[in-house]
Amino acid sequence: DARVTQTPRHKVTEMGQEVTMRCQPILGHNTVFWYRQTMMQGLELLAYFRNRAPLDDSGMPKDRFSAEMPDATLATLKIQPSEPRDSAVYFCASGLRTTSYEQYFGPGTRLTVT
Amino acid sequence: GENVEQHPSTLSVQEGDSAVIKCTYSDSASNYFPWYKQELGKGPQLIIDIRSNVGEKKDQRIAVTLNKTAKHFSLHITETQPEDSAVYFCAARRLIQGAQKLVFGQGTRLTINP
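In the order they appear, the protein sequences are chains P and D. The opening residue of the first sequence carries number 1 in the numbering used here; numbering runs sequentially from there. The opening residue of the second sequence carries number 1001 in the numbering used here; numbering runs sequentially from there.
Derived by calculation from the structure, the hints in this document are not laboratory data. Please note that a few of the clues may not be correct.
[Unchecked claim] Cβ-Cβ distance ranges computed for the label pairs, FRET-style:
(1) P:P81 with D:D1059: 42 to 48 Å
(2) D:K1042 with P:L96: 18 to 24 Å
(3) D:L1095 with P:T5: 36 to 42 Å
(4) D:P1008 with P:T7: 23 to 29 Å
(5) P:P61 with D:E1079: 43 to 49 Å
(6) D:L1095 with P:M40: 26 to 32 Å
(7) P:D71 with D:V1054: 25 to 31 Å
(8) D:Q1060 with P:P84: 40 to 46 Å
(9) P:M40 with D:D1017: 42 to 48 Å
(10) P:P61 with D:K1042: 23 to 29 Å
(11) D:P1114 with P:M40: 27 to 33 Å
(12) D:D1059 with P:M40: 30 to 36 Å
(13) P:L74 with D:S1009: 35 to 41 Å
(14) D:P1114 with P:P61: 41 to 47 Å
[Unchecked claim] Over 10 Å on every C-beta distance to chain D, these chain P residues come out as not near it, computed from the model:
(15) V12
(16) V19
(17) R22
(18) T31
(19) R52
(20) D63
(21) S66
(22) L74
(23) P81
(24) P84
(25) A93
(26) L96
(27) R97
(28) T114
Bear in mind the structure is a predicted one, so any value in this text is a computation, not a measurement. No residue lacks a Cβ here, since even glycine has one placed at the ideal position from N, Cα and C.
Sequences are here, hints too, so could you generate the full structure?
Below, the structure written as structure tokens:
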């Protein structure tokens, strides 16, 4: 059963600390998306990769957020320094662009910044 | 840009009855409309989708209809069961500067009463 995996599932950190979230897309998928979910804003797209290259990160605060794909099996989202307003659930999703538009979501990382 | 409105925000139906959730979108260039189901503590799960060249699609108890002229699409769940209780999200996709983007509605919390 192919799934997107994310680590950690929960993270509590203090304001100013660095946070790194990891995602393993479904094997063979060539697109990776990072979303943030909050009660107020709902699901927002932060960044989008295709074949490991960043295609769009316009939804991401550039001064503190960064997203990378070191290889085809790992995507990372980093926040440095973290702020309380970053508290949210962060989802990674993957898809196979060449055959469909479908996106498959991971279980998410619940981040709390105190 | 794309804006997706979803109604109602909460819906309560008796087990066995039907549930309908509606979404409208603003960008006529949107060409793909997925529906996701999100259970507590989990990531959104794709349950059905429709492309802009199709008016209706059905998969067992769920169906989606699309009216391109009016720019709205709906999710229909028949013979509802307690396990259908969840938050449902609609989304609309369009290509923006070479990057596909899903814009999500705010979600509908569906409760099935036994």
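Going down the list of hints, with the structure as the test:
1. For P81 (chain P) paired with D1059 (chain D), a C-beta distance near 46 Å keeps the hint of 42 to 48 Å intact.
2. Between K1042 (chain D) and L96 (chain P) the Cβ separation comes to about 22 Å, which falls inside the hinted range of 18 to 24 Å.
3. A beta carbon spacing of about 28 Å between L1095 (chain D) and T5 (chain P) contradicts the range 36 to 42 Å that was offered as a hint.
4. Checking the proposed 23 to 29 Å range against P1008 (chain D) and T7 (chain P) shows it is violated: the Cβ atoms sit about 36 Å from each other.
5. Our hint of 43 to 49 Å for P61 (chain P) and E1079 (chain D) holds, since their Cβ atoms are close to 45 Å apart.
6. At roughly 28 Å, the beta-carbon separation of L1095 (chain D) and M40 (chain P) lies within the given 26 to 32 Å, and the hint holds.
7. Between D71 (chain P) and V1054 (chain D) the Cβ separation comes to about 37 Å, which falls outside the hinted range of 25 to 31 Å.
8. Range check, Q1060 (chain D) to P84 (chain P): Cβ separation about 44 Å, and the 40 to 46 Å hint holds.
9. For the pair M40 (chain P) and D1017 (chain D), the beta carbons lie near 31 Å from each other, so the given range of 42 to 48 Å is not met.
10. The given range of 23 to 29 Å is respected by P61 (chain P) and K1042 (chain D), whose C-beta atoms sit roughly 26 Å from each other.
11. Take P1114 (chain D) and M40 (chain P): their Cβ atoms lie about 32 Å apart, and the range 27 to 33 Å holds.
12. The hint said 30 to 36 Å for the Cβ distance between D1059 (chain D) and M40 (chain P), and at roughly 32 Å that hint holds.
13. The hinted range of 35 to 41 Å is satisfied by L74 (chain P) and S1009 (chain D), whose Cβ atoms lie roughly 37 Å apart.
14. The hinted window of 41 to 47 Å between P1114 (chain D) and P61 (chain P) holds, with their beta carbons roughly 44 Å apart.
15. The non-interface label for V12 (chain P) is consistent with chain D: the shortest C-beta to C-beta separation is roughly 16 Å, beyond 10 Å.
16. Every Cβ of chain D is farther than 10 Å from the Cβ of V19 (chain P); the closest lies at roughly 19 Å, confirming the non-interface assignment.
17. Non-interface call for R22 (chain P) relative to chain D: holds, since the shortest CB-CB distance, roughly 15 Å, exceeds 10 Å.
18. With a cut of 10 Å on Cβ distances, T31 (chain P) falls inside the contact zone with chain D, its closest approach being about 8 Å.
19. Every Cβ of chain D is farther than 10 Å from the Cβ of R52 (chain P); the closest lies at roughly 14 Å, confirming the non-interface assignment.
20. Listed as a non-interface residue, D63 (chain P) keeps its Cβ farther than 10 Å from every Cβ of chain D; the least gap is roughly 21 Å.
21. Residue placement check: S66 (chain P) keeps its beta carbon more than 10 Å from all beta carbons of chain D (closest about 18 Å).
22. Residue-level check passed: L74 (chain P) sits 18 Å from the nearest beta carbon of chain D, beyond 10 Å.
23. P81 (chain P), annotated as away from the interface, keeps every beta carbon of chain D farther than 10 Å; the closest lies near 27 Å.
24. Even its closest Cβ contact with chain D, about 22 Å, leaves P84 (chain P) beyond 10 Å, as expected for a residue assigned away from the interface.
25. Here A93 (chain P) does not stay apart from chain D, with its beta-carbon only about 8 Å from theirs, under the 10 Å limit.
26. At the 10 Å boundary, the C-beta of L96 (chain P) stays outside the reach of chain D, the nearest C-beta of that chain being 12 Å off.
27. The claim that R97 (chain P) lies off the interface is violated: its Cβ sits roughly 8 Å from the closest Cβ of chain D, which falls inside the 10 Å cut-off.
28. Annotated as non-interface, T114 (chain P) keeps its C-beta farther than 10 Å from every C-beta of chain D; the closest such distance is 21 Å.
When each numbered hint is compared with the structure, violations occur for hints 3, 4, 7, 9, 18, 25 and 27.
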